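The lines below spell out each chain.
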Amino acid sequence: MSALFFDDVSVWFGEGRDRVDAVRHASFRVGHGESFGLVGESGSGKSTIMRALTGLAPDWSGRMAVNGNPVPRGRHRNRLFYKSVQMVFQDPYASLHPRQSVDQVLSETLHLHGFRDIEPRIVRLLDDVGLGPAFRFRYPHQLSGGQRQRVAIARALAPEPSILLLDEPTSALDVSVQAEILNLLTDLRAEHKLTFLMVSHDLAVVAHMCERIAVMQAGEIVEVMGVDEMRALTPAHSYTRKLLQASLGYTRG
Amino acid sequence: MTPLLEVEDLWVRFPTRTGLFDAVRGVSFKLGRERLGIVGESGSGKSMTGRSILRLIRPPGQVTAAHIRLDGEDLMQHSEAQMRKVRGQRISMVMQDPKFSLNPVMSVGEQLIEAWRVHKKGSRAEARRRALDMLEAVSIRDPERVMRAHPHELSGGMGQRIMIAMMLIPDPELLIADEPTSALDVSVQAQVLQIMDRLVQDRGMGLIFISHDLNLVADFCDRVLIMYAGRVVETCAADKLHEAKHPYTRGLLNSLPRLDAPQKRLEVLRRDPAWAQAPSVRPS
Amino acid sequence: MTEMTGLRAWLLTDTPQSRGQARLASLYQGWLAFRRNPMAMFGLAILIALLAIGALAPWIAPHDPFYQDLTARLQPLGTPGHPLGTDSLGRDILSRLIYGSRITLYIVTLVALIAPLAGLIVGTVSGYLGGWVDMVLMRITDIFLAFPRLVLALAFVAALGAGIENAVLAIALTAWPPYARIARAETLTLRNADFISAVRLHGAGPIRIITRHIWPLCISSLIVRVTLDMAGIILAAAGLGFLGLGAQPPSPEWGAMISEGRRFILDHWWVATMPGLAIFTVSLAFNLLGDGLRDVLDPKGEK
Ligand SMILES: Nc1ncnc2c1ncn2[C@@H]1O[C@H](COP(=O)(O)OP(=O)(O)OP(=O)(O)O)[C@@H](O)[C@H]1O
Ligand SMILES: Nc1ncnc2c1ncn2[C@@H]1O[C@H](COP(=O)(O)OP(=O)(O)OP(=O)(O)O)[C@@H](O)[C@H]1O
Ligand SMILES: [Mg+2]
Ligand SMILES: [Mg+2]
Chain A
1 MSALFFDDVS VWFGEGRDRV DAVRHASFRV GHGESFGLVG ESGSGKSTIM
51 RALTGLAPDW SGRMAVNGNP VPRGRHRNRL FYKSVQMVFQ DPYASLHPRQ
101 SVDQVLSETL HLHGFRDIEP RIVRLLDDVG LGPAFRFRYP HQLSGGQRQR
151 VAIARALAPE PSILLLDEPT SALDVSVQAE ILNLLTDLRA EHKLTFLMVS
201 HDLAVVAHMC ERIAVMQAGE IVEVMGVDEM RALTPAHSYT RKLLQASLGY
251 TRG
Chain B
1 MTPLLEVEDL WVRFPTRTGL FDAVRGVSFK LGRERLGIVG ESGSGKSMTG
51 RSILRLIRPP GQVTAAHIRL DGEDLMQHSE AQMRKVRGQR ISMVMQDPKF
101 SLNPVMSVGE QLIEAWRVHK KGSRAEARRR ALDMLEAVSI RDPERVMRAH
151 PHELSGGMGQ RIMIAMMLIP DPELLIADEP TSALDVSVQA QVLQIMDRLV
201 QDRGMGLIFI SHDLNLVADF CDRVLIMYAG RVVETCAADK LHEAKHPYTR
251 GLLNSLPRLD APQKRLEVLR RDPAWAQAPS VRPS
Chain C
1 MTEMTGLRAW LLTDTPQSRG QARLASLYQG WLAFRRNPMA MFGLAILIAL
51 LAIGALAPWI APHDPFYQDL TARLQPLGTP GHPLGTDSLG RDILSRLIYG
101 SRITLYIVTL VALIAPLAGL IVGTVSGYLG GWVDMVLMRI TDIFLAFPRL
151 VLALAFVAAL GAGIENAVLA IALTAWPPYA RIARAETLTL RNADFISAVR
201 LHGAGPIRII TRHIWPLCIS SLIVRVTLDM AGIILAAAGL GFLGLGAQPP
251 SPEWGAMISE GRRFILDHWW VATMPGLAIF TVSLAFNLLG DGLRDVLDPK
301 GEK
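If you read the protein sequences in the order shown, they are chains A, B and C.
In this text, residue positions in the first sequence follow full-length UniProt numbering: the first is 1, and each later residue adds one.
In this text, residue positions in the second sequence follow full-length UniProt numbering: the first is 1, and each later residue adds one.
In this text, residue positions in the third sequence follow full-length UniProt numbering: the first is 1, and each later residue adds one.
Mixed in with the good hints there might be a few duds.
Rough simulated footprint, nothing fancy, chain A against chain B, three-plus residues with beta-carbon under 8 Å [stated by the list, open to error]: (1) 60–74; (2) 183–189.
No more than 30 Å apart at the CA atoms, straight line, and that leaves these computed lysine-lysine pairs for DSSO-like [stated by the list, open to error]: (3) B:Lys240 with A:Lys242; (4) B:Lys264 with B:Lys245; (5) B:Lys121 with B:Lys85; (6) B:Lys264 with B:Lys240; (7) A:Lys83 with A:Lys193; (8) B:Lys30 with A:Lys193; (9) B:Lys30 with B:Lys240; (10) A:Lys242 with B:Lys264; (11) B:Lys30 with B:Lys245.
Each pair of labels, with its calculated beta carbon distance range [to be verified]: (12) B:Met106 with C:Leu24: 36 to 42 Å; (13) A:Pro58 with C:Ser18: 38 to 44 Å; (14) B:Lys245 with A:His192: 37 to 43 Å; (15) C:Leu32 with B:Met106: 34 to 40 Å.
Treat the hints as calculated values from the structure; they're not laboratory data.
Since the structure is predicted, the reported quantities are computational estimates derived from the model, not experimental observations.
A virtual CB, placed ideally from N, CA and C, is assigned to each residue, including glycine.
With the hints as extra help, turn the sequences into a complete structure.
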């Protein structure tokens, strides 16, 4: 049984001439405790796969399962799902409510999951993501991008999920903060035995974080490879080769 | 020959509850028809430097400078009305946050068409054709559909490319691109960079490229300014960036993960308060 | 900057220690921003004065507002004992204005509670749920918007019967559609935001999302809009009073007073002008306040 299981999943938006087939026939599985990367062309459906799994993109076909439990159609998921799968969004500037303090965000989240001991949990969550108690009552505009992303990670960790979906968690951050966040994620994964599904367009970041990597182009998964193949630059598919080539540096044309 | 842009002793200050906060402190540089990279950590004043060239700092923020000359004309002396002519016509800026810069309730097509018609008096049909061309130029698949889409229906990278397309409409003399490719995959990124590159090479546009991607700046730009806490701490030729000496620059370079060399943990930058004290370096 | 006192420092800290302190601190910072706008402070001062006048009416009014003295009819300004003169029944205009402020406040408060709340509910539900709910609610809103405000209010009052409560109801019924429009537009831009998706991923339902996450972001623009509309509301109430459909004589409602005074407007101009000035002052005060609030509540809204 795998932590995440996708079989022949297609996701589309809209209908008629505005229909977009954002993901087509994607199949892959992620084992327990594994870290799985999604890379590929911009607009190729990486975020959409995560959004379909979590019910934010309701139109899909195929089969998806989390820890062996099939994922239902539509927007709604049960409590158990929200407790085991959580997501960190791409843009830390858009993922926190502008009028809610860190404390409000975390206590509401804990409340929604039915925890009673909210107070000590907030303290622990903030500590887990390396934010001191001084940050607890700040509002988002008083936080830097990296600090916001830490709050978003704390929120995702609140229900103690076993699976974390990370949608470009560091693309809006500078390299020094990126290093801090990636180290933090590595530590949290070891500590809480988390499974990661991670999107990034930075191949070096994916290689640093993930054991296996799926490459997407125009809605399709063209290749799944191990990190060693990627580091050795020996992919099978021509698009992956192009991507790796481009990642070696910009060559003036 | 006069340089395209000369910035001398630029300061940006914000009044805060605890006194004046200096976001940019005495930055000076010259820019020819070339690609100048500005790198540095978050909050180091990169965006503020870019915005103050266009005099886009909102009050209560204050901008002072000995001069900011564009082709010899001092922008600091311009009235707001004159500045409006400069913005968009002669200097374009790609803002850092595409989601906030696009109108959420207007379709992408309408926004592109409107932007085109503001600058080039032409018919709607012509504007539409040009908008489609622009989308294709930034390698958007299915441009017809994207024209009808609203910003929330786009992926992160598509929004960014649309912003770039929009800024290139007026053929600016100077383009300030604030993290224009942070949400793009490497191959699309290369295509977008090529567009900018051609504009610099063929039309002699000047480019200020703000980014936190050091490798990218090293490969793409001609010269680099490295900023820390509002100052330029080091400046060098872009291809020499990897030999930079300043401990801050070294720290940034070392915190990058590498495709060719796996690491257990990434190195984290340790800041030295002395870096913030030293005066800004002037590029030669 | 002067030495910070203990309370001030406590309010301005970057690191609040408790929920209460964080909330108070953000209120205090809003107040500091508001205080920098002298015109808005001026508007606020007028409104506070109006509140005080309304509350203290029995003590500060020189006369009973209903007391008629037919021997002293239509006295001019500056008459001893009647600084603003008297009306056609010999009642003291100043006292009537003072008591009338209570009615104005009553109308303003009720309308300001009903109309934006109704608009907020309709607009956010419509915007968040979308689909057929949105269709139905927005068609209803459009129907209301299609009629001129005063005409619609007139129709309501005619149906419900004249009187101050019905006038308030009629005005509220005609005032909500623009608020619904604003709230819906804001909701449309918010509902796809990542922070809304994030709470959905924690199992929050639509009611919770609308009331806890979307309302707080719509309310500030509504407050600004309501304060700016307040002048219109006062004028509408006065208009209904003037047409004899709002407050009934002998109530000292300002619109009704103008209506009574219009018969003497050429020879005894002050009878109609004084309540007119009162309406003008209060409307202006609300407008100034609204401008100031806009700067505090959504600084990026304008320019
Ligand atoms: N709500 C939506 N309505 C319509 N189309 C959508 C919607 N969301 C995404 N799409 C479309 O689906 C496709 C895939 O988008 P997605 O966000 O998954 O891309 P991505 O791989 O995450 O790209 P990026 O790396 O740029 O973020 C795009 O063509 C996009 O326009
Ligand atoms: N309105 C403001 N009031 C006070 N300080 C501000 C304001 N706007 C920006 N700053 C400060 O100015 C400094 C420089 O900001 P700037 O946006 O230029 O950083 P940056 O180098 O572009 O960072 P990033 O990589 O995160 O975009 C920051 O420390 C920021 O906190
Ligand atoms: Mg994406
Ligand atoms: Mg910036």
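Okay, the hints, checked on the actual structure:
1. 60–74: violated (count 0)
2. 183–189: holds (count 7)
3. B:Lys240 with A:Lys242: 26 Å, holds
4. B:Lys264 with B:Lys245: 25 Å, holds
5. B:Lys121 with B:Lys85: This hinted pair holds, its Cα atoms lying about 15 Å apart.
6. B:Lys264 with B:Lys240: It holds: about 27 Å lies between the C-alpha atoms, which stays within 30 Å.
7. A:Lys83 with A:Lys193: Within the cut-off at roughly 15 Å; holds.
8. B:Lys30 with A:Lys193: Cα-Cα ~52 Å, so violated.
9. B:Lys30 with B:Lys240: 19 Å, holds
10. A:Lys242 with B:Lys264: Measuring from Cα to Cα gives roughly 27 Å; hence the hint holds.
11. B:Lys30 with B:Lys245: 22 Å, holds
12. B:Met106 with C:Leu24: 36 to 42 Å: Distance hint for Met106 (chain B), Leu24 (chain C) holds at roughly 40 Å.
13. A:Pro58 with C:Ser18: 38 to 44 Å: 41 Å, holds
14. B:Lys245 with A:His192: 37 to 43 Å: 41 Å, holds
15. C:Leu32 with B:Met106: 34 to 40 Å: 36 Å, holds
Violated hints, in rising order: 1 and 8; the structure is consistent with all others.
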